[in-house]
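If you read the sequences in order, they're chains Z and F. Quick note: the numbering used here has the first sequence finishing at residue 112, numbered continuously throughout. Quick note: the numbering used here has the second sequence finishing at residue 113, numbered continuously throughout.
A hint or two may mislead.
[As the list claims (entries may be wrong)] Examples of chain Z residues toward chain F, derived with CB under 8 angstroms:
no.	residue
1	Y10
2	T28
3	N31
4	K36
5	P43
6	Q48
7	T82
8	T86
9	F88
10	L92
11	L100
12	T104
13	G105
[To be verified] Dumping the calculated PhoX-like pairs for lysine-lysine here, alpha-carbon to alpha-carbon at most 25 angstroms:
no.	chain 1	residue 1	chain 2	residue 2
14	F	K52	Z	K36
15	Z	K70	F	K40
16	F	K71	F	K40
17	Z	K70	Z	K57
18	Z	K36	F	K19
19	Z	K70	F	K41
20	Z	K70	Z	K36
21	Z	K70	Z	K56
22	F	K44	Z	K70
23	F	K40	Z	K36
24	Z	K36	F	K9
25	Z	K36	F	K36
26	F	K52	F	K41
27	F	K67	Z	K36
It should be emphasised that the hints constitute simulated quantities derived from the structure, not laboratory data. Note that the Cβ used here is the ideal one computed from N, Cα and C, for glycine as well.
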Amino acid sequence: GQQVMQIPQYQHVQEGEDFTTYCNSSTTLSNIQWYKQRPGGHPVFLIQLVKSGEVKKQKRLTFQFGEAKKNSSLHITATQTTDVGTYFCAGLRGGATNKLIFGTGTLLAVQP
Amino acid sequence: DTAVSQTPKYLVTQMGNDKSIKCEQNLGHDTMYWYKQDSKKFLKIMFSYNNKELIINETVPNRFSPKSPDKAHLNLHINSLELGDSAVYFCASSRSGGGDTQYFGPGTRLTVL
C-alpha cells in the first residue's frame, strides 16, 4: 500500500543548530501537510503545500514541496527548546478515498 | 472552549473487556476520524465519517466499531480487548474530507492488561 516515509526517525541537536526532516512518498501527492506533536500532546497542524516546488516559511521553519510532488522537507533554523517534538508530514493521495496518509514522523530533541 | 474533546483521557482495562471512547467536536466540521498511535508513534487512520456516514474503513478488526449519532460526535467501541490494542487513540475532525486541515483531540491512552 501507499507509504510515506520520513528520515531521520530521530534527531538530537544542540540548541541553535539547524534541523531538517525529509518526507518521501511512494506515489504522487495532491498536497502535503505538516503537523507537530509535542511530547504527551496531540498533532497540531503547521502548514499545507499544494503546488509543485512550493516553498513556504513560518519564522524559523521552511517547508518545501518537491517538483514531482512525491517528497517534502521541513527545515528549522537555529533550533530552540520549544521546537522539541515529533514532526509528521501527511500526504493526500486524492482519488476516490481522498485519504491523508501520515508519515512515520521525526522526533526532534533539542539540548539547551 | 475545546474544539475536539475526547473522554476518557486514560483507560486501563483487562483483556477481554469491552470499552468505549467518546469524541465530540464543536467546530461545525462535517468529517471526523479515529487514529491509532502505537508505541513507535506511527499514526494510522482507522475510520473516517462524513456527516454521519462511514467513508474510510481501514483494515481494522471488526472488534472495533465506530458510531456517529450526529456529525459532531464520533464514538469508538472496542469489543474483547487484546493486549495489542494498547495505544493512544486520537479523534480528529476537518471541515470536509481529504485535504482539509485536521484538528486533533487530546487523545485517549488505552492500556490493556
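For this session: Provide an ascending list of the numbers of those earlier hints which the structure does not satisfy.
Result: 1, 2, 4, 7, 14, 16, 18, 26, 27
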